[in-house]
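For chain L, the structure is supplied; the task is to place chains F and Z with the ligands on it using the hints.
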Amino acid sequence: MTATQTATQTIDIEGVSPPPLAASPFVGRAMPRVEDAALLTGVARYADDLPVKPGTLHAAILRSPHAHADLLDINFAAALAVPGVAAVVTGADAKRLAGAFLVGIRAPMEHWCLAIDRVRHVGEPVAVVLADSRYVAEDALDRIEVRYRPLPPVTSISQALEEGSEPLHPAVGSNLVNSRSFRYGAPEAAFARAARSVSVEVEYPRNSCTPMECFVVLADYDAAEDAYEVLSNFSGPFAVHPVMARALNVPGSRLRLKTPPHSGGSFGNKQAVFPYVVLMGLCARVAGRPVKWVEDRLEHLMAATSATARRMRIDAAVEPDGRVLALRMEQTEDCGAYLRAPEPASLYRNHGNLTGAYDIPNLTVTNRIVVTNKTPTGLNRGFGGGQLYYGLERLMNRVAAELGLDPLDVIRRNLVAAEAMPYRTASGGTLDSGDYRATLEQAVREGALDALKARRDALRAEGRLYGIGYAAVVEPSISNMGYITTVLTAEERRKAGPKNGAQATASVAVDPTGGVSVTVASAPQGQGHRTVLAQVVADVFGLRFEDIRVNTDLDTGKDAWSIASGNYSSRFAGAVAGAAQVAATRLRGRIAALVAGQLNCRAEDVRFAGGKVFSDANPDNGLSFSRVAAAGHWSPGTLPDGQEAALRETAFWTPEPLKAPTDADHINSSACYGFIFDFCGVEIDRTTGALRIDRYVTMHDAGRLLNPLLVEGQILGGFAHAVGTALYEEYAYGDDGRFLSGTFADYLVPTACEVPVPIILHRESPSPVTPLGAKGVGEGNCMSTPVCLANAVADALSADGVDEVPSLPITPAKLAALIHPPEPPRPASAAGSEETPPPAAVKGGRGLTGEGSREVPATPEQVWAILLDPKELAALLPGCEALDLAGPNAYRAEVVVGIGPVKGRYTAQVALSDLDPPKALTLTGSGTSALGSGSGTGHVTLERTATGTRVTYRYSASVGGKVAAVGGRMLDSASRLLIGQFFEKLVARAGGAEGLADSSSLLTRLLRLLGFNR
Amino acid sequence: MPPLKSTSVLTAEARHAVSIVLNGTPRTGHAHPRLLLSDFLRHELGAHGTRVGCEHGVCGACTVRIDGVAVRACLTLAVQADGRRIDTVEGLSQGNEGRMTALQEAFRRHHALQCGFCTAGILMSLTDYLDRNPKPTEEELRDMLSGHLCRCTGYAGIVRAVMDVTGRTVREVAHV
Amino acid sequence: MKPAPFDYLRPATVAEALAALADGGDDARVIAGGQSLMPMLNMRLVQPRLLIDLGRLEELRTLRAADGWLTVGAAVTQAEVLARPTLVEEVPLLAAALPWVGHFQTRNRGTLCGSVAHADPSAETPLCLVATGGEVVLRNAKRRRTVAAADFFLGPLTTVKAADEIVECVRFPLARRGSGHAFREQSMRHGDFAIAACAATVNGDHASLAVGGVAERPTMRSWPLVDGRLPPDLDGALNAFAWDLGGDDDQHATARYRRDLVRRIGRTVLEEALSCRR
Ligand SMILES: Cc1cc2nc3c(=O)[nH]c(=O)nc-3n(C[C@H](O)[C@H](O)[C@H](O)COP(=O)(O)OP(=O)(O)OC[C@H]3O[C@@H](n4cnc5c(N)ncnc54)[C@H](O)[C@@H]3O)c2cc1C
Ligand code: FES
Ligand code: FES
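Protein chains in written order, with our numbering: chain L, 25 to 1038; chain F, 5 to 180; chain Z, 708 to 985.
Treat the hints as calculated values from the structure; they're not laboratory data.
Take these hints with a grain of salt, some might be off.
As the list claims (entries may be wrong) - Beta-carbon label-pair distances, calculated as ranges:
{"#": "1", "chain 1": "Z", "residue 1": "R771", "chain 2": "L", "residue 2": "P902", "range": "51 to 59 Å"}
{"#": "2", "chain 1": "Z", "residue 1": "R756", "chain 2": "L", "residue 2": "R171", "range": "52 to 60 Å"}
{"#": "3", "chain 1": "L", "residue 1": "R488", "chain 2": "Z", "residue 2": "H913", "range": "30 to 38 Å"}
{"#": "4", "chain 1": "L", "residue 1": "R716", "chain 2": "Z", "residue 2": "G935", "range": "31 to 39 Å"}
{"#": "5", "chain 1": "F", "residue 1": "K139", "chain 2": "L", "residue 2": "A475", "range": "56 to 64 Å"}
{"#": "6", "chain 1": "L", "residue 1": "E186", "chain 2": "Z", "residue 2": "H913", "range": "52 to 60 Å"}
Treat the numbers as computed from the prediction; the structure is a model and nothing was measured.
C-beta atoms are modelled at their ideal positions from N, C-alpha and C, and glycine is treated no differently.
Just chain L, same shape as in the assembly (with noise of 0.2 Å):
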């Protein structure tokens, strides 16, 4: 075992410290990257950048405005009339041609490419244009009407488990889908045996990473052949493309699937372009040509996929000295509409480390998923890693502060020691290497834990809100391809046959000019797999670095894949790497031996460095590689009798411990198991509850490190997601359904100000498993930092007695409620002028609702007359320019309605009821624009005074769609104006309006501008 500290500063990078002595090995160097000559100087292709085929269709999607409604129908002959439409596919073509989505559960719910007949989440694909341009394709989506019957929308986890919820999948009748409990070792007799226990209740919001690059999918179907060829940027894992074949009626075989050289990023995310690959796919079909879509950032942010939300109670059976005998955990995971593949994979990736990084023999867990009107799930940086260690680092730190004691000694206390390693968790996992201790020792040390104590001291002493968090957590590798079926029983998973494994592949060629070419299936997404391989594999054959050329764009038509091929569960190091490792290894083998005659020794003597093929007894006497290599295409007729040539080498390797799950559900979820330990030290502004990240250390034993540079480079990259995470992202939605984070103005990305620059040390304990003892290093900090972070802000509260942390994000207004005095109240001769407040807003409930009241010199009868009138109702409502009757007291109405520049045009139902002449009415509408949906509803009460009328009006209204997806920040004050406008006008036509005029609300500014001060 070796300790290195490679911090950011002390790397040394090729090329810029002298060059190492060629025959060192370049795995382990610091290789500066094969891909970057072509990303920085613009010549790199993405996706959206290859040519597509002449003829080929631009796809725009018309997606839900509501979160939960019953679809009931579509018309697009409008669309259809714009020129250069040529096509629009809805729901009804996907029940023609394509299938429902395989789902990982039991329980008959169906997911389709295309809504069929409900709408279950914001964003939802309803039905796509195909024209000639993008640009054409949306303007023909805006002559789309579809007729929605609003459905009450399941908002959050506490809702979906309510009894009374409307049930998203109708057939499964509970939005609770799943359910399964799991015990291991003897948790009864640890509680009852402990000195106390110690419980935690967190919830992990929705998040995702958002790869800069959005989805691509160029889609074609050929007729004759009954197959589809599509490309994409879609990471893996290849598990899905069964699942795409399957919804696309075809054998795997008929669905050619291939990735572009270059992916915009992915972090888990491009996984769920698959159904867009089925619904292009359908596309293609149904037009009769090639098709193309970008999904672009609104698309991206409100319909792409989602890190699940979770909610989590977990007990701890703790002795006094901080010692855990054993966990009780409760999990329940949102996965939004639809349990998308490889959904619920989330709640079970971490399940053989449930423990985390602890000796905790027994447990017990009950794991819930629940659908909710939002979007589905899918794979995420961190993969359920930050959700349940947000649980379990909270908790040790809650262990340490009800015992009193020093947090740090809690974690020290519970590491599994080195000695037990290989460690078997109780859930069945198997810590594979590592020193847990010593590791955190060393970073405690090097990472000047006592020098950050002493800082906080001194601040605190200045009244400064300062606080220290850590986090410890093993960071799983190459995932066993069998987890998942943990969700099932032992007898469903007997009758389903076994799933084990992660199979990795890659092929190793030489060309007739003695070159090198390595194919992997590894779907980079801009980490750098083509450097690391080029590494390996010159290693192997002692070639320089720049004779090997790597591919890595795929070909499912062609090129060597398994399900488990692609790029997530940081697989690639471990498993990826190996897999070359091993073909390499294997074609050097063989060409060893072809050669061993000609050298006159051995096989196993031959040798290969410095581009030279030699016997170790007679180095001098090398043949050049290149000619040996290429031997098997110039000249076959000289190997050795009964000898193939040694040209092209595949390796499959899978790692040796993944197994299925045990009839006692113990499963090994992943091949290998990295640890981390992060300390860090935050600052909270006492004015403005800002958060400052002082200092923040990360260690990390990932085995051994192939490329330090770029194991670097994954580290920061994580760390800055998990910053995001903790601290500004989240997926925000209104108790409504309507989602509110469509811009990256809105979705809170950190930016270069935002993210510190976090202090990384190593260590490498290789691991057994792997053929290089790699293990996986790029998701871990999404685990580990959230947590700590949320751990020293525990900290720095404490200081001034506040024992709570807030949810995720922690944003300064969240902190600034925690530390700020109750708010002063509203002085006496604040409450507005002599008249009534403009209304007021009041969160909470549906949507915004407000409240206002009105004297107005008309007897209630009057009144009543105007509500009754529809021409009178046409002047009142904003922007009505046509009201014509569609039933007794019911209307449709064309309005434009908006802010400022910012109108849509709505066909919109208005309808007045419980009718109580002349005292109360209830006013409601509803309509859809290209902008979004609204929908209102008003009760009004007429009052007999003195002098005249008193007219209360309470509504409640929601906005749904784009505008609020990308209008959040205003929406509410927006809607109120627009609202108010009408019970404004409504008052002014009863002769209300001098009230008005001495007023200075700005609704009645702005109704005196609009000339309704007479």
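Just chains F and Z with the ligands now, kept in the frame of chain L:
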């Protein structure tokens, strides 16, 4: 900005000739008035080096220089660029005898990019910015970089690369 | 995310622009820097029939300090104003606030007049205009009128500007001797629109605080100085102001937080403004 001769109204339905000097070479293409400069460069002129990440001005991936000034191509119409000099990432090494510039080389050395999707925009901002402020402090530099989102690197390599070419040292961790 | 179709006019003169605007009525819209309008066009939130480009009109490039005013024409970018070496003496508040407007890249195109015309309740430029007692010069094909900043803004994206008018220029009073200024804002990230922005000025015998991001428009309140000092019950005054501003909850911050910032940052900037009087 040079005053230009009046154009008559360019109608929505027609494609209009748009002539620019792209990385030193005069190029002409055609555009409807509503065509974004980012789409014009990428799909009309085939200059794919400029990337598109949000089309609402926040991510910075599409940043190009118009008459030397770094701006968002997604918030510019192609017709607005008519008659202007546009510089994109493809021009950097072209203008340097085919070799990568010192800044590009520094990006490579310091692993300032992973997927590279944000990189072109950042390079174009930097070339304008460093012309105006050749030796920024780290704080100034980060302030400028806040106009770009990078999801891969955590920005550390980018900052280091720029500080390296401008000959300034990076504040790694100033405290403790 | 692509704009709906529109005709495009790059007029040669302001008169031509105004004539086209008068003709186009509600369906015509001017574009200056495009840093607010283009995102709205791309998202199809705004769908004009005719777009009139003011960006290259030499007549609108006025940037001048004279007769007690700093005049900024409609084609002058935020970057150009920020780069003006004398800005710190002329309108120190603007010099302090402009770096908070978006980013280097968006300031390279965004204009001050565009920001004022757009009337985002959180925007810094409208706030500075209100805080300094500035003016908006409006012009249509027939006439020119000047509106005090305090009367110009009505609500989110809503101003007194008529559809046929452009903001020809905005005018900030030049800082007087003995005045003091301070600006601070709290936003989620660097370059984001403010959750609350506070601009304080101390002029002669009174102190003022203008706040953006809380109410529907930038709003100012003034208090007389007492013996050259801030009013004794400043906390009470700020609390009353905060409650009058109200504020809304959104996904990033609560109304209460916004009021907290008014009470706390408000005091800080007022104190700063008082102490930095020159
Ligand atoms: C990423 C990003 C971040 C930003 N952050 C901030 C921020 O923190 N603070 C901030 O204040 N702003 C911010 N902005 C907005 C930016 O400041 C805009 O430049 C400004 O709001 C509008 O100016 P413009 O010249 O770009 O106007 P345009 O976008 O061209 O126009 C905006 C509106 O005003 C109208 N208009 C423009 N000029 C005139 C005129 N002379 N007469 C009449 N009408 C006119 C247009 O018709 C349009 O309706 C940000 C923008 C982006 C893209
Ligand atoms: S694509 Fe232009 S800023 Fe994001
Ligand atoms: S390198 Fe991928 S977004 Fe910056």
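Q | Hint check against the structure, violated hint numbers in rising order | A | 1, 2, 5
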